[in-house]
Amino acid sequence: MSALGLIKGYPKKMRESIELVEKTRDERIKHPYKETYRFLALEERDEVLQKHHPDYKREMKRALKIGPNKGDLVPLEIADIIEAHSAVDPKDIDLSHVDYDTDILIIGSGGAGLAAALWANYSGTNAENILIVTKLRFGDSNSKMSQAGIQAADRPQDSPMLHYLDIMGAGHFVNDPELVKTFVMEAPSIIKWHEKLGVMYDREPDGTMIEDLIGGLSRLRVHCCRDYTGLEIMRNLMDEVQNLGIPVLEFSPAIELIMNEYGQAAGAVLWNMETEEYFIARAKSTILTTGGFGRLHIQAFPTTNHYGSTSDGLILAYRAGAKLRDMDSIQYHPTGAAYPEAIVGLLCTAKLRGRGAQPVNKYGEVFVNPLEPRDVEAAMIIRECYEKNNGVETQTGMRGVWLDTPMIDTLNGEGTIEKAFPAMFRQFNRQDIDIREDPILVFPTLHYQNGGVVINVRTETAVPGLFAAGEVTGGVHGKNRLVGNSWMELQVFGRRAGIYAAERAKKAKPGKLTLNHLVKYEEMLKEAGIETDRRSPVLLPEYRGEKALSHALDIL
Amino acid sequence: MSKSDVEERKVRVYVMGREYKVPFGLTIMKAMEYAGYRFIRGAGCRGGFCGGCATVYRIEGDYKLRVTLACQKTVEDGMYLTQLPFTPANKPVYDMEKSSPSVNVLLEYYPELAKCVSCNTCTKACPQDLEVMDYVQAALRGDFEEVATLSFDCIACGLCAMRCPTEIVPYSAALLARRLYGKYVMPRAKHVDERIKEIEEGKFEGEIKNLMSASLDVLKEMYTKRDIEK
Numbered sequence: 197m198s199a200l201g202l203i204k205g206y207p208k209k210m211r212e213s214i215e216l217v218e219k220t221r222d223e224r225i226k227h228p229y230k231e232t233y234r235f236l237a238l239e240e241r242d243e244v245l246q247k248h249h250p251d252y253k254r255e256m257k258r259a260l261k262i263g264p265n266k267g268d269l270v271p272l273e274i275a276d277i278i279e280a281h282s283a284v285d286p287k288d289i290d291l292s293h294v295d296y297d298t299d300i301l302i303i304g305s306g307g308a309g310l311a312a313a314l315w316a317n318y319s320g321t322n323a324e325n326i327l328i329v330t331k332l333r334f335g336d337s338n339s340k341m342s343q344a345g346i347q348a349a350d351r352p353q354d355s356p357m358l359h360y361l362d363i364m365g366a367g368h369f370v371n372d373p374e375l376v377k378t379f380v381m382e383a384p385s386i387i388k389w390h391e392k393l394g395v396m397y398d399r400e401p402d403g404t405m406i407e408d409l410i411g412g413l414s415r416l417r418v419h420c421c422r423d424y425t426g427l428e429i430m431r432n433l434m435d436e437v438q439n440l441g442i443p444v445l446e447f448s449p450a451i452e453l454i455m456n457e458y459g460q461a462a463g464a465v466l467w468n469m470e471t472e473e474y475f476i477a478r479a480k481s482t483i484l485t486t487g488g489f490g491r492l493h494i495q496a497f498p499t500t501n502h503y504g505s506t507s508d509g510l511i512l513a514y515r516a517g518a519k520l521r522d523m524d525s526i527q528y529h530p531t532g533a534a535y536p537e538a539i540v541g542l543l544c545t546a547k548l549r550g551r552g553a554q555p556v557n558k559y560g561e562v563f564v565n566p567l568e569p570r571d572v573e574a575a576m577i578i579r580e581c582y583e584k585n586n587g588v589e590t591q592t593g594m595r596g597v598w599l600d601t602p603m604i605d606t607l608n609g610e611g612t613i614e615k616a617f618p619a620m621f622r623q624f625n626r627q628d629i630d631i632r633e634d635p636i637l638v639f640p641t642l643h644y645q646n647g648g649v650v651i652n653v654r655t656e657t658a659v660p661g662l663f664a665a666g667e668v669t670g671g672v673h674g675k676n677r678l679v680g681n682s683w684m685e686l687q688v689f690g691r692r693a694g695i696y697a698a699e700r701a702k703k704a705k706p707g708k709l710t711l712n713h714l715v716k717y718e719e720m721l722k723e724a725g726i727e728t729d730r731r732s733p734v735l736l737p738e739y740r741g742e743k744a745l746s747h748a749l750d751i752l
Numbered sequence: 003m004s005k006s007d008v009e010e011r012k013v014r015v016y017v018m019g020r021e022y023k024v025p026f027g028l029t030i031m032k033a034m035e036y037a038g039y040r041f042i043r044g045a046g047c048r049g050g051f052c053g054g055c056a057t058v059y060r061i062e063g064d065y066k067l068r069v070t071l072a073c074q075k076t077v078e079d080g081m082y083l084t085q086l087p088f089t090p091a092n093k094p095v096y097d098m099e100k101s102s103p104s105v106n107v108l109l110e111y112y113p114e115l116a117k118c119v120s121c122n123t124c125t126k127a128c129p130q131d132l133e134v135m136d137y138v139q140a141a142l143r144g145d146f147e148e149v150a151t152l153s154f155d156c157i158a159c160g161l162c163a164m165r166c167p168t169e170i171v172p173y174s175a176a177l178l179a180r181r182l183y184g185k186y187v188m189p190r191a192k193h194v195d196e197r198i199k200e201i202e203e204g205k206f207e208g209e210i211k212n213l214m215s216a217s218l219d220v221l222k223e224m225y226t227k228r229d230i231e232k
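Residue numbers (the working numbering), protein chains in the order written: chain B, 197 to 752; chain C, 3 to 232.
Possibly wrong hints are sitting among the right ones.
Said to hold, decoys possible - Restricting the straight-line Cα-Cα distance to at most 25 Å, the calculated cross-link-like pairs of lysine-lysine (DSS-like) are: (1) B:Lys209 to B:Lys519; (2) C:Lys227 to B:Lys392; (3) B:Lys519 to B:Lys716; (4) C:Lys12 to B:Lys388; (5) B:Lys230 to C:Lys227; (6) B:Lys722 to B:Lys705; (7) C:Lys93 to B:Lys226.
By construction, these hints were calculated from the structure, which means they are not laboratory data.
Just so it is clear, the structure is predicted and the values come from calculations on it, not from any experiment.
So here's chain B without its partners, still in its complex pose (with noise of 0.2 Å):
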């Protein structure tokens, strides 16, 4: 026992439920998978989700006052940062003087932005001619941090019909069928792009990939890189931009757009965030790869995501005209981690329930099938706790259920744990915890922007020369992404605006700059009668002095 009183990493009072979940193990275990618990029907689905899941409290959204969607639901904390004035001041603005003169200029360096950039340059733009800034070090971003992997309909048993399915029934039928489309059909051949840079996939001895069925698929689909994935994707892609000259600017977010008298976006307004100064970027093709919101911790939520994920990109390209989708869906992972305080709300893998995890009660009881998709299962993980009180209470008051890892090794053989999972074993075993031998608990976590800016099979916005890709788009996923899809729509629509960016850049005139823009989203803010002083974008969230501490949540 600790000096703190916990035994292994854990209370006497955790202690004892974890006893409950021992005991009912062996019995469990002998129906792992789907097998587990039966699936819902799509009807029981909608009944959990609409009493259990966040997304469905009507009280935490507004309708939009301003702009192209006017009228639209949004959370509060999405509506606060559109309906506030720009961060610039254009009359401070000095857009006579250009101090980057590029092609293509690509705003974030996630997955979706070095793919852009690196497609860029395969198509025929020179590296000098490209640019990538980026609001913290180069490669930040939730990219870096996704474990489970990257899906891609690619074994015998699959087929891109059955990935097609899978999305549109996750996402509520509501996904954009070409986009949807694009998707599978150009994800294998992602895959053998990252083989040829020299991504080490999971591989059989043969070759053959591992793969995962995790929630809500239909086939063993998620490739993985042990549950290092996103970093081991990410860390091939920033070696191959450096190694090709690809210039990138470091702790320069973009602020505002630029755009020209034609109307097109041509540029943005760079912020050095270490000298507090502007920098003027030009551009033929701006590409949008801003990533998503979850340092804006909507609705309270402690979230898996990046220091950085404050939805700039989201508002820029809403000032700029573009359209909006879908941002009244949220994704939060159903397994967050519930405890202990240090680790609050970050990931515990999707993949773990792929290879064998149950989630159960404080009783040991099982209550849902591992493998529904995430805004199911989650729902389904706070009807435990709240509604049936089956959750447990841990020491500063949040609540969770358990998520049995012990099985795993049971199920796939002792060291599965340690080769499969070193960073979440890691991540554990830092907190005095070891998952092969005790369970964790967990607690949905803020997760994913399902929704974003409209794009179209091209990535291009509404406002033309504004290309965008990944998360910060909306469409892919409809209302609910699946496992392994956001890595690969990175690489699918990164690549996609690399090459049209391109394609645009080699014909369009830059024009002459305005921020003119900016000058009609301030009169829209005072016709509709909006007084404030937000300011967007946000860039870093507030975390000094009491905010230090986690969120309270507040579910009932």
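Fit chain C to the given chain B structure using the hints.
Chain C alone, transformed into the frame defined by chain B:
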């Protein structure tokens, strides 16, 4: 964490020498924020995956300099903290298409590997607990599989390079080794090539078009009735 817990359990930390009292149970990162710092450098993913928050610390009364990740380590009483905002590490440029996993290729790009004195400081400095010196030695031997396997969980935080007395950047050499291993040594997945060929030949076009034009009811039925493999 409730208010009373916060008041009861505070520890002293010294951020670059200056004392602050912060709640017990916070990570170093959150503790510094609690103390009033706002990160621009020194914070990244906040989940142990990006290597952006390499931290050097010493515990009061002890001479030993320790290293960790600020987002992963919880504060202890009497911690003297500083961060590594940037590592000015060397990374040569190479063409992967023209490189090969030959025994000497790592030494060609990273000749300083040969200066390794096997002091094991890099291994001790690794917050991921990797066997860094072992993979440096494997790199010297040109054993790509060993380098790739041992270094795979590296998050390139920079600490091994900053501690190495002979200025080796283990993680950059390991990156090249892994890429060469992944590209040239690991067996390729034949089923991926076969599927790409089928797609290029238009094998699925008809069926996908049918799905795209199917009514919502038909699509829902197909979805509900599809068989689950595992």
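Outcome of the hint check:
no. : hint                 : result
1   : B:Lys209 to B:Lys519 : violated (51 Å)
2   : C:Lys227 to B:Lys392 : violated (37 Å)
3   : B:Lys519 to B:Lys716 : holds (16 Å)
4   : C:Lys12 to B:Lys388  : violated (53 Å)
5   : B:Lys230 to C:Lys227 : holds (15 Å)
6   : B:Lys722 to B:Lys705 : violated (33 Å)
7   : C:Lys93 to B:Lys226  : violated (51 Å)
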